[in-house]
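Trainee: Sequence:
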Amino acid sequence: MVLLMIHPNAYPITYIGLISTLSIYSQLLDSPMKISRIKLTLYNIFNTLLNFYIINGLYAHFIQHGTSNVVTEFADLEHYAHLHIIANIIGFSDSAIIILTHNWSRLTKFQLYYTGTNGMLWLYILQNERYREHTEVYFGMLAGSGYNALMYVNYTITGMGYKNHLKKIFIKLQGSSILCTMLHTLMRIFYNSENNLIALGNVYYLSTLLYLYHSELLTETPNKKRYNNKSLHVQINNKIYDATEFQNRHPGGNVLKFYNCIDNKVDATDAFNTFHLRSKHANKRLATLPIIRILTKDEYVEKNTDFRKLILSWKKKGYFNTKYKFFIIWALVVFLSTLSSYYLMYLGYPVVGGVMVGISWAQCGFIQHHSGHLGFSGNNKLDILIQTFYEGLLKGGSARWWRNRHNKHHAMPNSIEHDGDLRTTPFFAWDPVLIRKVPTYLLRVQHIIFIPIMFVYVPVFFITTKLFIIRKEYWDELAIIFLHFYFSSFFVTNIADFVIFYMIGYSIQGFYLGIMFALNHFTMGRIDNVETTWEKWQMDATCNWGVGNRYAEILSGFLNIQIEHHLAPQMPAENMHLIIPDVIKYSMDHNIPYINYTFTEAFTRMIRGLRNAGTTELERRKKLK
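Taking numbering that gives the first Met the number 0, I'd label the letters of the sequence shown as residues 0 to 624.
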């Protein structure tokens with residue numbers, strides 16, 4: 000009876016929490032976890048025998064009493080009901096094994112959906128005395144155990160190294176068990192007017208299972224690749240590495256393709272050093288990659304020696320060391336303000352709560368931004384965990400989407416071809432090439448509509464991130480987003496307040512983040528793919544604003560010190576002001592412009608740039624006519 004005391008909602012939450020935690024941990028492993036064939040075989044045999052035992056007990060009951068009678072004593076089947084729920088809980092281990100061994104092809108939507116919901120539904124049913132007294136319930140349990148038994152028989156055969164020639168038959172039999180349960184339930188609805196509500200709910204649930212079963216198992220459609228398998232060679236220092244396989248596992252997204260020296264003669268040394276200066280984990284990964292060849296002294300000439308010496312001097316001075324007291328206070332204040340916002344919604348103040356949560360979410364965005372760069376502890380696992388918490392759990396966003404997009408931005412800022420932040424069309428554009436995609440009727444007003452559009456910045460990306468997650472099949476992140484909304488539901492008193500709260504929160508966050516991100520780059524010119532040094536590219540595409548103003552630093556999440564951030568993205572945010580004198584001197588010595596505006600100057604230049612770009616394009620189109 001202990002199992003029946005578990006709240007049904009705890010079942011999917013536990014499952015989602017498990018796969019989310021394991022998926023994050025798995026991404027940080029140097030290599031997939033290895034589980035011996037003997038252990039897997041014993042595990043599969045145990046599950047096979049358990050399910051056959053349940054089948055035998057339930058089948059014996061139906062032979063004796065039939066399938067249309069009411070169960071007068073729940074105790075008659077309580078033993079098998081408990082075992083069936085236990086068998087479903089043990090099924091959590093299937094997902095754990097798949098994730099830890101990186102056998103992603105088996106982590107299907109059907110498997111996630113079935114494992115995460117089946118046990119919950121049985122708990123709901125068995126905790127209701129009205130429903131658990133009817134045999135149609137246990138017929139479904141019999142069919143479910145049959146499905147599980149066939150699945151583990153298949154796993155046992157293939158796990159022992161044998162080719163299962165009956166695999167296709169097993170798959171069809173598994174589908175048949177779902178179909179039989181549905182037909183039996185429909186017959187019960189037709190012949191028995193009682194308990195139709197739960198029966199109809201069961202039909203709907205089984206319909207969703209059948210849909211996923213047909214689309215993923217029966218048709219045997221192979222899963223999409225997370226990234227392409229195009230050959231990828233990367234030059235770091237005097238060595239060229241084969242990163243073809245590693246690009247699928249790169250925590251920073253597919254930014255590696257920008258440095259494919261097969262397609263173009265590009266040196267990734269400075270990019271690698273900049274992105275991984277504090278990461279011992281990255282150097283260990285690099286050492287495992289196959290070396291294509293080592294360049295000779297004539298082929299390789301070390302570049303940017305002055306800049307590399309400058310970076311090393313900052314490291315020696317301790318500028319890359321984290322001030323944990325500052326970070327803990329910042330992170331704690333943002334966390335508590337986010338929770339307070341939800342509590343305001345709960346008290347019936349969705350507008351005030353929405354404004355407050357929008358500001359809090361923006362600060363969450365700054366925290367996850369720096370942690371995504373390993374800019375807090377420098378520990379890969381800890382910083383990614385912090386990023387996932389603030390971007391995923393508190394905001395309902397995708398940490399992987401951010402790393403993939405933002406690392407491309409840092410790799411080649413203000414490059415039309417590579418920097419996704421420039422793709423603001425068809426609403427507005429600063430660039431004379433991109434602006435050709437803006438409709439004529441918007442060119443006259445693009446500098447006016449810029450601010451209103453910033454309010455929908457986050458709602459648009461909310462959809463974009465979800466599509467990214469589904470396309471890449473990052474089910475752990477989808478689970479974290481589910482947890483975000485699940486926890487927020489505890490503060491909901493009515494749907495209207497919930498909608499108002501989130502819409503205002505998204506709008507305020509969009510305006511806040513949109514302005515902060517736009518000021519640093521949209522005021523600068525576009526960068527063509529020409530021969531240049533790493534640090535010159537970063538400084539030509541970036542400007543500072545409000546440097547020296549502590550309030551500007553806090554409100555912008557230290558992104559007003561953008562030049563220094565691009566030169567040393569892994570430097571803790573609170574230390575970046577320390578290197579400003581060195582960067583200014585470096586820029587003067589190497590004849591590189593160092594741009595520092597006030598907030599008013601930066602904002603004015605940004606708006607004026609939109610107006611001038613629109614006017615110029617209008618004149619060009621008039622001439623073409």
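Honestly, the hints are just simulated from the structure, not real lab data. Treat the hints with care, since some could be wrong.
[Claimed, not checked] Capping the alpha-carbon separation at 20 Å, the derived lysine to any residue pairs in SDA-like fashion look like this: (1) Lys380 - Lys436; (2) Lys436 - Lys324; (3) Lys314 - Phe245; (4) Lys535 - Lys584; (5) Lys283 - Pro31; (6) Lys324 - Thr268.
[Stated by the list, open to error] Per label pair, the in silico range of CB-to-CB distance: (7) Ile261 - Gly419: 43 to 49 Å; (8) Tyr203 - Ile261: 47 to 53 Å; (9) Lys324 - Phe489: 28 to 34 Å; (10) Thr424 - Tyr342: 36 to 42 Å; (11) His78 - Tyr342: 57 to 63 Å; (12) Ser339 - Ala9: 22 to 28 Å.
Glycine included, each C-beta is placed from N, C-alpha and C at the ideal position.
Trainee: Give me the numbers of the hints this structure contradicts, sorted from smallest to largest.
Mentor: Of the numbered hints, 1, 2, 3, 6, 7, 11 do not hold.
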